[in-house]
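Visitor: Same order as they appear, the protein sequences are chains A and B.
This note's numbering numbers the first residue of the first sequence as 1 and each following residue consecutively.
This note's numbering numbers the first residue of the second sequence as 1 and each following residue consecutively.
Bear in mind the hints are in silico, worked out from the structure with no lab data behind them.
Quick partial rundown of chain B residues pointing at chain A, CB under 10 Å, derived from the structure:
1. V10
2. D129
3. L131
4. V132
5. N136
Cβ atoms here follow ideal geometry from the backbone N, Cα and C, with glycine treated the same way.
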Amino acid sequence: MDDIRTKKRIRDFLPTRRRLIQLYAALLHNANLKGYIQGEVYTGRTKTLCVPGLNCYSCPGAAGACPLGALQNALASTGNRAPYYMLGILLLLGLTLGRTICGFLCPFGLLQELLHKIPAPKLKKSRFTRALSYLKYVILAVFVLAIPLYYAAQHVPMPGFCKYICPAGTFGGALGLLANPANADKFSMLNILFTRKFVIMVLVFGVCVFVYRAFCRFLCPLGAIYGLFSRIALVGVRVEPDKCTGCGLCVGGCKMDVRRVGDHECIHCAGCVDLCPTQAISLRAGKAVLYAGKKAEESRKKALAARRAVAWALALAVLAGVLVYFNAPRAEQQPAPSPSPAPTEQAAAVLPADEPDAAASPDEPEAPPAEEPDVTAPPDIPEGSQVGMRGPAFTAPLYGGGTFDLADTRGRVTVLNFWATWCTPCVNELPYFEQLHQTYGEDVAILAVHSDLVTDDVEEYLSLFDYTIPFALDDSGVVAAYGGSTMLPQTVVLDQDGVIVYNQVGSVTYQSLDAIVSPLLDR
Amino acid sequence: MEKALRAARVALAILTAAVCLALIWQAVDIYRIGNSPSNFSAPGVRIQPVYSRPIVTERLGAVAPLLYGYAGAAVSVMLWQAIAGKKARPAIQKPAPQPGSAPRWLRPALYAAAGALILLGALNGGARDVLVKAINICTECIGLG
Numbered sequence: 001m002d003d004i005r006t007k008k009r010i011r012d013f014l015p016t017r018r019r020l021i022q023l024y025a026a027l028l029h030n031a032n033l034k035g036y037i038q039g040e041v042y043t044g045r046t047k048t049l050c051v052p053g054l055n056c057y058s059c060p061g062a063a064g065a066c067p068l069g070a071l072q073n074a075l076a077s078t079g080n081r082a083p084y085y086m087l088g089i090l091l092l093l094g095l096t097l098g099r100t101i102c103g104f105l106c107p108f109g110l111l112q113e114l115l116h117k118i119p120a121p122k123l124k125k126s127r128f129t130r131a132l133s134y135l136k137y138v139i140l141a142v143f144v145l146a147i148p149l150y151y152a153a154q155h156v157p158m159p160g161f162c163k164y165i166c167p168a169g170t171f172g173g174a175l176g177l178l179a180n181p182a183n184a185d186k187f188s189m190l191n192i193l194f195t196r197k198f199v200i201m202v203l204v205f206g207v208c209v210f211v212y213r214a215f216c217r218f219l220c221p222l223g224a225i226y227g228l229f230s231r232i233a234l235v236g237v238r239v240e241p242d243k244c245t246g247c248g249l250c251v252g253g254c255k256m257d258v259r260r261v262g263d264h265e266c267i268h269c270a271g272c273v274d275l276c277p278t279q280a281i282s283l284r285a286g287k288a289v290l291y292a293g294k295k296a297e298e299s300r301k302k303a304l305a306a307r308r309a310v311a312w313a314l315a316l317a318v319l320a321g322v323l324v325y326f327n328a329p330r331a332e333q334q335p336a337p338s339p340s341p342a343p344t345e346q347a348a349a350v351l352p353a354d355e356p357d358a359a360a361s362p363d364e365p366e367a368p369p370a371e372e373p374d375v376t377a378p379p380d381i382p383e384g385s386q387v388g389m390r391g392p393a394f395t396a397p398l399y400g401g402g403t404f405d406l407a408d409t410r411g412r413v414t415v416l417n418f419w420a421t422w423c424t425p426c427v428n429e430l431p432y433f434e435q436l437h438q439t440y441g442e443d444v445a446i447l448a449v450h451s452d453l454v455t456d457d458v459e460e461y462l463s464l465f466d467y468t469i470p471f472a473l474d475d476s477g478v479v480a481a482y483g484g485s486t487m488l489p490q491t492v493v494l495d496q497d498g499v500i501v502y503n504q505v506g507s508v509t510y511q512s513l514d515a516i517v518s519p520l521l522d523r
Numbered sequence: 001m002e003k004a005l006r007a008a009r010v011a012l013a014i015l016t017a018a019v020c021l022a023l024i025w026q027a028v029d030i031y032r033i034g035n036s037p038s039n040f041s042a043p044g045v046r047i048q049p050v051y052s053r054p055i056v057t058e059r060l061g062a063v064a065p066l067l068y069g070y071a072g073a074a075v076s077v078m079l080w081q082a083i084a085g086k087k088a089r090p091a092i093q094k095p096a097p098q099p100g101s102a103p104r105w106l107r108p109a110l111y112a113a114a115g116a117l118i119l120l121g122a123l124n125g126g127a128r129d130v131l132v133k134a135i136n137i138c139t140e141c142i143g144l145g
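Construct all of the structure, not just a fragment, from the sequences and the given hints.
Guide: Listed below in structure tokens is the structure:
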């Protein structure tokens, strides 16, 4: 008797088949394990494809694009092109899997279920939670559709849900990056936006301990989208009306706010399959039965075991292949050497004043400082991207003709802004640089450098505004030379000697720019 | 044995509640104080935290308290239910609409539409847009600021 109890207890603690599939899917969604070690996002072409679940593409491990983030950005670009691609992807995912994605594949769903495992009093579903479940449709309409479309009309890309709510982005993207010591400098850019999103994330996680899949049920717009396909999705739980006695055990035992098995709130977890006394419920893919309950499986135990072993072997082989693909060291994955390699902060800090070129690359010993006669900065300042170093020289072709040469700005304060048309904070802060130009005129040289990743016609975009500051395209690695990587916006301020006094990723305002620039002009 | 397990479960529940409360308190505290470290410190220059507040933040500021209120209400109801021991009534079961209830041609037609949309999207640059957004980090979009 004790043995049976012990075995049952052990079985209770073993992960279910669904949990194993969830873990497998979470690992596939975040197959770029290398990213967690390096503190960088994956920049390969697989990110053209969307993963089915809610998984922030700014997470260091993310192997694909988040469908919700990509949809918002596609809607935000409707002024330039119709969002066919994302509509097609969502249609394909919804038609094939529907909310089965929520039950089996979504990493954030798994996280919520694990949080709900923490022993605590649990909130049972009721009319109150059922009414709340419609909140996600409001969020879908307002934050995912209305805000991006409204701002698209004003040429401002604005992913409303990502920016103001998404706890998956805060957890996977923001905290995922901040957790790596390589991104320690990013702490300085945190502001009220982060505080708000952090509070929302903590609240969501806290509520998930007490409420089963609180985010899925009440807030997730992706679940709301997939829920629209509940009647037509290929995979899902089905009820055979002939066998159903209407006892209500399935709906009563379900933790989601379903009114009927398989409706828009059902995540097709197949938990009700074993509850049905008449075996009227099964998980199907079209006509094929994927799971029909433990009783139904008893008779075909051996055949099913062999089939499952083959399926898991295949799945593990796929997983191994994917992990090798994303994490194997590759030559092209190495960061390209910048025109003037930046010495590390530590190296700069210990650099003695009488050793001017100690931090320079040993591969370039033949480049004497005397080759730059127009440099007025003291010769003992090394070139690099860190504050206190001399900014690397560059020239960049300007939109509208002409060339910007950094050497020409010596004797003036220089402000470099790295931006892109598809970056919300970048386009929002451009007016501040224009205002700075209007205020200080020729005393301050300003250049806005667009990222080399161009999605829109930049000249056409600029023609919509009356900016008088010069704009250039980063076709010669300017952003990389100033320590930029995959994060935008970035602002660099150089003093009259060409020495960097400010180099920060993150948004700025006119006040903050003025606070940096005006003391330099007073020198 | 059963008693010990029950006692351990209660202790764990209390601990969980305490941890959650502490986390929420910490979050509220951070929100109240704000992130005060300055973004920039050059000799003699100290500026206020850089706030990114486009007009939408101002307009949608009311939504955040609503969300917090909703979360608070959810927890309150949960506690009330736990104390009162009230169970939700199972809804009346109705057989779910079966796939056959939708026209048979609808699914293949929608698959064809999805394929066509993806192809059009790949041709009009939509796929490249997704790639560009996914490989670059928009700092505001993930809440970094």
